[in-house]
Amino acid sequence: MNKSTVKTVLRAVICAGLVVLFLISSPALAGDMALRDSVVKIYSTLQRPDYSMPWQQRSPSSGSGSGLIIEKRRILTNAHVVSDTKFLQVQKNGDARHYPAKVSFIAHDCDLAVLTVEDDAFFDDTKPMKFANKLPELNTEVTVLGYPTGGTRLSVTKGVVSRIDYSVYSHSDVDQHLVIQVDAAINPGNSGGPIIFNGKVVAVAFQELMFSENIGYGIPVPVIRHFLEDIADNKYDGYPELGVSWIETINPALHRDLTLSPRKTGIAINYIDPFGSAVGHLKTRDVLLSVDGHTIESDGTVLLNENNVPFAELLERKQCGQSVVFQVWRNNAEIEVKVPLKTPDDLFVYRNIYDALPNYYVYAGLVFSPLSREYLDTLGKPSSSDTSIHRLIYYSEYAKIDGLNRDRDEFVVLIRQLPHPVNTYTHAFQNGIVTNVNGVSIRKLSDIKAALEKPLKGFHVIRFSETDDCLILDAGAAKKANDEILIRYGVPSPEHFEAVK
Amino acid sequence: MICWAQPQPQDNGNQSIVQILTTYQQYNPFVPWQKRDPGLKIGYGVAVSESEVLTTENLVRNCTLVELRKTGSGEKIQATVVLADEQANLALLRIQDSSKAPKLVPFQMMNTISRTGDVSILQFDETTQIQRGKGQIVQVSVKSLPTAPYPTLAFTLLTELNINGEGAAAVRDGKLAGLIMSYDRGTRTGNMIPCITIAHFVEDAHQSPYRGFASAGFIYTPLIDPVKRRYHQANDQNNGILVLKCLPASGAIESLMPNDVILEWDKYPIDNLGFYEDPDFGRLAFYYLITGRRSPGDLVPVRIIRNGQETNITVKLRRRTDKEALVPENVTHEREEYIVEGGFIIRELSANYLLSYGADWQKFVDPRLVNLYLTKRLYPDKPGDRVVILATVLPDPINVGYQQFRNQIITGINDKPVRNMSDVFKIVKEDGHVLRVSLQSSDVDLVLDQATLGEANANLARQYRIPRLRYQHDSSK
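Chains A and B are the protein sequences, given in the same order. Using my numbering, the letters of the first sequence correspond one by one to residues 396 to 896. Using my numbering, the letters of the second sequence correspond one by one to residues 989 to 1465.
No wet-lab data here; the hints were simulated from the structure. On a predicted model such as this, the values are computed, not experimentally measured, just so you know. Built from N, CA and C at the ideal position, the CB exists for glycine as well. Since no wrong hints were added, every one of them can be taken at face value.
So the derived label-pair ranges between C-beta atoms look like this:
| no. | chain 1 | residue 1 | chain 2 | residue 2 | range |
| --- | --- | --- | --- | --- | --- |
| 1 | B | R1394 | A | N831 | 31 to 39 Å |
| 2 | A | N727 | B | R1456 | 39 to 47 Å |
| 3 | B | E1242 | A | A845 | 37 to 45 Å |
| 4 | A | R725 | B | R1456 | 38 to 46 Å |
| 5 | A | S779 | B | Q1428 | 21 to 29 Å |
| 6 | B | R1394 | A | Q717 | 30 to 38 Å |
With the hints as constraints, model all of the structure from the sequences given.
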């Protein structure tokens, strides 16, 4: 499930930079702490692309996080600990050596990753941690192990499970899954460390609520199991998306309008994502009455283990390729609808992107790149007169809902000009969404390159979404200036085209 | 024809300058039946007849009480606003009971004013005596009004006087040269509405109907880029601006077309930035040729390049009002229409509503509405189109399940399409109530229970203290 708006400010807790001033003696470890040898420290040197100058990278930085040894000589940690990594090392308790490691699988949608270590000796004298079979009850005391900021050795904190909820994962800032909230101190560096109950892992620490004290979150066992099962076939498919939005039917007038009998409960579908699993199976105005045999209440929850949880939680447990069965009220009749689940492959959900280089194309000093969350972040807070930036924000949030993606595979944006006499008067078009070049409709970035090869009577004519003016270039001068501009601004290649994962 | 009572040149302004005390109150766009706290504005006005005073529109905007005070007197004389034009930032007031009030002596007005030289600025000091200060004219330009997005001819003055209210008179040779409309303490500069604009307003104000200031109704861009000039076949001369779009129902849409290059407007050559050489005021934005040198209804000769050919056309000027926009600005905070049904607050989108979210309103408003306002506010598909929104839902048992909806665009009510609030009121008149609301991009309508709606409305009115559940301009007259 994903959500385009984030209501809480969450911070992933990787420890950026090492601040080691004193050695603090380790507390007596007992009980759960017998597992200390299975908790590792992860050092990552990471480098993020510069989305405003997409041919280059930002300065490298270093950070550290935690991980836990699991079966098959692997380490489980958070995706955000090892995202965009250039060099990865792991260290275990009682061993001074740093072992080079590599990312075998990474799931940005649920913030989990599996690492392997080249030197098999790393796993000597270690025991893989076991996972609990079920979620802990509320108010259960749990132990958090890890290597947070404030020291170099293993840290242990205790707290209770204060909530089990469904929340946004800040790593992608879009996807929502189950979370377990604990009141133990979870600090930068704890990320990827285990949260333990009765000697078994119930969750992996991953984020905290900013501007609050002792509200930490863990990724609970069901999400971890989903990830490990997904990669059992040596590839990560990701969470399937049903792709519907719905409204509650608790209003009696709406309930009647949908011709539901008073005893029936369910939710009414008011929008279907053209790229989701539901397309072709469910329809708008369908009322979903039950999911896999669980009755859906009028507020969209199902009763699970005596708790009311969002019905999406049942979909959480599914893998791509599996199906979900709904009882549906449609045209005054109850029918059964089986929906095969898939991961959407469209580019109109603006998640945070990792481990990828931005695509771009530079022509005559005009830099084109697909709209991305990262690029929007580089723009900062727009002023009221930044019409084109507000338009980008609108397009990023309403692409599919308002049909703005019609005839587009992605939104191609003129992200900047590298000033040169050939493009002197084009600044007003910055951040425009390109719709047409030389009479050719632009579906994707590579279309621009092809269209610029065929000027119109010696001109390049570039048109932008919701903009009356158009950008005009002298085709001959533009072609001549290309190489000079690339050299002058240190652009090693005029293009990068890569299929987005 | 202006009929004023023997205007005389004046040196001291004692009988012609009045202080204006305006108590004002705006409606709160979030709860449109309610007014905000009243406030007080103090400024000045200038007598244009024995019982009429001219001031800025901004000073008397949303007034609930306007009082005048003469020099050396604490007596307050009540006045009413006869006419206010937010496009010119000018207003004409009349003393309510002129038989009892002391007579004012009208100021003689200059016919025009040179773009250089000094003026005397007149205002009250703490003892209510006239205080004078010198103002040096440093610039004449077309700029936006301080509190409205309309371009106007403004004289920028450098002054040592700490100007303590808008509407202060600027005088030269004992005649009125202009009214001060804004002042910046930091730079010690003020902006003056010149007498030429004032004369236009006053002359129109005494005619019926008021014609106001003209608009041509098109959007343009400078045409500097030599490549673009070549593309638009405007390369031979280095002047002209490019027409991008004509506004619906404008004079321009009848004769101008997108991609036309305007070379001359009203026989004045227009340079490639949109400026011309005004015989009185020097280099000015060509807006002034429309708003200042012409009036609504005038036919203006325009020389253009269309499809590479130079040609002459005529553009008819009209007065364009804010109400013609898809999203009106409503800078005057005129009371806005609404209907409260089953807790749904239904209204039209306006800049006045959006700006009620504060200076950072874009942060709090749905990006769909932000983009709509920034991109399309002037362009209804059809004249009369507005954006009808479900602004918010006042929680009540009748609307349970809908209370999270906020700032959603309404496309239909009771299965009938709506383009503006007039449509909404028409539907409500026919059907009695709003029973079904269709929202953009949602295939499930919000439905209200007809049987309990009347009772719910009565409850809502009582609980939320709403004196009127519906407000419509026409019905209120």
